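K.L.:
Below, each chain spelled out in residue letters.
Protein chains: 2
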Amino acid sequence: MTDRQSGSSTAGGDGSTDPAIPAPETNLDVLDEALSDADAVAFVHVGDRFDDDLRYLTRFSGPDREYAFVYTSEGGVLCAPSLFEAQARREFDGEVRTANAGDPAGVRARAVLDDLTDGGTILAPQSIPHDAAVYLERGGYDVASTDAVAAARAVKTDAELDCLRRVQRAAAAGMRRAEAVLADSTPEGEELRWEGDTLTTERLRREVNAELAARGATDAGNTVVGAGPTCADLHYTGTAAIRPGETVLLDISPRGPHGYYGDLSRTYVVDSDGGWERRAYVAVESALDVALSTVEPGVPARTVHAETAAELAAYGFDPDAAEGEAGFTHGAGHGVGLSLHEGPSLREGTELRPGHVVTLEPGVYDPERGGVRLEELVVVTDDGCEILGEYPRSFAPREE
Amino acid sequence: MTDRQSGSSTAGGDGSTDPAIPAPETNLDVLDEALSDADAVAFVHVGDRFDDDLRYLTRFSGPDREYAFVYTSEGGVLCAPSLFEAQARREFDGEVRTANAGDPAGVRARAVLDDLTDGGTILAPQSIPHDAAVYLERGGYDVASTDAVAAARAVKTDAELDCLRRVQRAAAAGMRRAEAVLADSTPEGEELRWEGDTLTTERLRREVNAELAARGATDAGNTVVGAGPTCADLHYTGTAAIRPGETVLLDISPRGPHGYYGDLSRTYVVDSDGGWERRAYVAVESALDVALSTVEPGVPARTVHAETAAELAAYGFDPDAAEGEAGFTHGAGHGVGLSLHEGPSLREGTELRPGHVVTLEPGVYDPERGGVRLEELVVVTDDGCEILGEYPRSFAPREE
Chain A
1 MTDRQSGSST AGGDGSTDPA IPAPETNLDV LDEALSDADA VAFVHVGDRF
51 DDDLRYLTRF SGPDREYAFV YTSEGGVLCA PSLFEAQARR EFDGEVRTAN
101 AGDPAGVRAR AVLDDLTDGG TILAPQSIPH DAAVYLERGG YDVASTDAVA
151 AARAVKTDAE LDCLRRVQRA AAAGMRRAEA VLADSTPEGE ELRWEGDTLT
201 TERLRREVNA ELAARGATDA GNTVVGAGPT CADLHYTGTA AIRPGETVLL
251 DISPRGPHGY YGDLSRTYVV DSDGGWERRA YVAVESALDV ALSTVEPGVP
301 ARTVHAETAA ELAAYGFDPD AAEGEAGFTH GAGHGVGLSL HEGPSLREGT
351 ELRPGHVVTL EPGVYDPERG GVRLEELVVV TDDGCEILGE YPRSFAPREE
Chain B
1001 MTDRQSGSST AGGDGSTDPA IPAPETNLDV LDEALSDADA VAFVHVGDRF
1051 DDDLRYLTRF SGPDREYAFV YTSEGGVLCA PSLFEAQARR EFDGEVRTAN
1101 AGDPAGVRAR AVLDDLTDGG TILAPQSIPH DAAVYLERGG YDVASTDAVA
1151 AARAVKTDAE LDCLRRVQRA AAAGMRRAEA VLADSTPEGE ELRWEGDTLT
1201 TERLRREVNA ELAARGATDA GNTVVGAGPT CADLHYTGTA AIRPGETVLL
1251 DISPRGPHGY YGDLSRTYVV DSDGGWERRA YVAVESALDV ALSTVEPGVP
1301 ARTVHAETAA ELAAYGFDPD AAEGEAGFTH GAGHGVGLSL HEGPSLREGT
1351 ELRPGHVVTL EPGVYDPERG GVRLEELVVV TDDGCEILGE YPRSFAPREE
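Those sequence lines, one after another, are chains A and B. Residue numbering for the first sequence follows this note's numbering, beginning at 1 and increasing consecutively. Residue numbering for the second sequence follows this note's numbering, beginning at 1001 and increasing consecutively.
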């Protein structure tokens, strides 16, 4: 790709091209409140296309080099790379400046501040690049950190929910493909065979990812496929052959329209003889139902984790196992949006609010046997929650 | 995906799972030299899985939250998120620490420095997060910036070239798919039809991305497809119908084994009547040949741009057009590696060296007609350059 094309490609490849769905708008009132609370004159952030706070604030899908965003009481200013001016004007609802485009983004932000303010305190996310903060400080501004953006991102608008539903439907299509491949595979001795060859976790992952791509989403490097013991190794990235009777765990988290992520997990067993796999599945399914019935406005997020863990314990699984041990070894869920992991975490005390979008993902693992996880993506509603992109559960893979 | 799984997925989805190709090793001598030159006691960086400098230094494919790397004369230390300890030990060739994993990464880096040094100057990339730099400074360390990592990354090892060849072969497979779809499509009035429906840029992009996924690479949101006038809009992300006789420009930049990017562009015309498209193609092909013959060790990178532009000018195209005008509107190429855009840029004075990997991508555009770009990825050799993942050129798409 040409030097000036990195932005276009993000927008294209992550599904932004979907003509039927407009980009969500961001309500920047949250920045006004933060500025007022801190008696600050402006908010500044600097980053590249991989910075999801910037994506949220500007909707600019940007290049893979730094650009700056400045917000004052007069509104937002995007200091675009000069060669991205047209794209910035198309995507960003505010003023686009291209002056001194060769300067570091922090220097350009400072020039905007010098123009629009009389100095004072500047709010910025604590992860703002150090050189940008130093440029601001050398210009006489005090830089204070704020987490207002992260807090705002946790509550989704209807337009954001539309994006999340779309990408979750792509995740479901990927899962459907995996289920069909598994149902179509044949046990032969110690392994499953599919289309004349050994079925491995890598083959299955490629089938899923091709389906996501065909639906206009990108796997974004996020598709996890484990089989048997490797399901318990939460960071497994190998190419294990899949055996009959063992758990096959798929966790699919594509990126879709306007940069929003999906997140869906299922676990299947081909040719099961019951035993540990079946008991684990029953426990996890029950824990998922408990989680679904626990989510509602006002409930502390960590209560969802606690209830989920308690249900797994009731089935005899260790609800607080360390990695590498047998039992429930991770949290019950996390927020999802423009980042795959964002607020609220289900480990936190935060009270759930309508518009929070979280995963619910109980799982139990046994390093010697396998692992089972079932995961839904839900939005908190006024009186409970709604599953985004509903997809059937099944222990045995269903045929196409 | 679970909270603790983001790392695994990067490694998996970007093709790291390929069992036939080991992860490249990073020679950290460059840090020793930088420390010595600056009379510094340590190098520190903090970032998440999207920071390609950190990926290069550690080979840790990491989570989507911050972690820290500290390098002293005694070697490297990775402050891993506690739940990524096993993965960090597998991927990182050095000491892994998980103490105080709940602290900010900058605080953890400072604790390592307190343990291993007697204070002094710390080198860090200028983009280190501000909070991390502040934690170091509050600990009594002076933080100075270094660009040693970027310089080291520009020269590739044989193992890195293996990764680049592999991902470029996936890009070629994606291009082959696009070419086959175009060759199989049929002009009907004002549009091309394929498999019973209008062929759009979005449909073609999805076909390419599915092929990349099937090859174990991810499109990473980077696949650009333009048709006719939209080829000239370098940031086009729409879903235009493709018409007979117009240019179809594909720029494919997937991410593959161990995080390395490919980059390949071709332009096709179905049912051409010659004219501007043909003349532009001949000029661009000739400019690409000039670029290929210009690249060799010792040549200033910007000479490649100058020679490429001069050849386009010889064919009557404006060699220095602004975006939105007719002519050559961008640079002749850029470095590619763990980032899609890295050093050296072909706009710089840097002398080319063996092991530099750059794109060569002449293009001419006319906002009223279309655009033609041809792009190869090459490595500078001892006496010229080698094209990575060679792929045929053709003006008319070739059948499968």
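A couple of the hints might just be wrong.
Said to hold, decoys possible - Computed Cβ-Cβ distance ranges for the label pairs, DEER-style:
{"#": "1", "chain 1": "B", "residue 1": "A1396", "chain 2": "A", "residue 2": "G275", "range": "56 to 62 angstroms"}
{"#": "2", "chain 1": "A", "residue 1": "G384", "chain 2": "B", "residue 2": "S1073", "range": "55 to 61 angstroms"}
{"#": "3", "chain 1": "A", "residue 1": "R65", "chain 2": "B", "residue 2": "V1282", "range": "30 to 36 angstroms"}
Hints were generated in silico from the structure; no laboratory data involved. Keep in mind it's a predicted model, so treat the numbers as computed, not measured. The beta-carbon is built from N, C-alpha and C at its ideal position, and this holds for glycine as well.
K.L.:
Hint by hint, say whether it matches the structure.
P.N.:
Verification of the hints:
Taken as a hint, the range 56 to 62 angstroms holds for the pair A1396 of chain B and G275 of chain A, whose Cβ atoms sit roughly 60 angstroms apart. Evaluation of the 55 to 61 angstroms hint for G384 of chain A and S1073 of chain B yields a pass: the beta carbon distance comes to about 58 angstroms. The hinted window of 30 to 36 angstroms between R65 of chain A and V1282 of chain B holds, with their beta carbons roughly 33 angstroms apart.
Hint violations for this structure: none, all hints satisfied.
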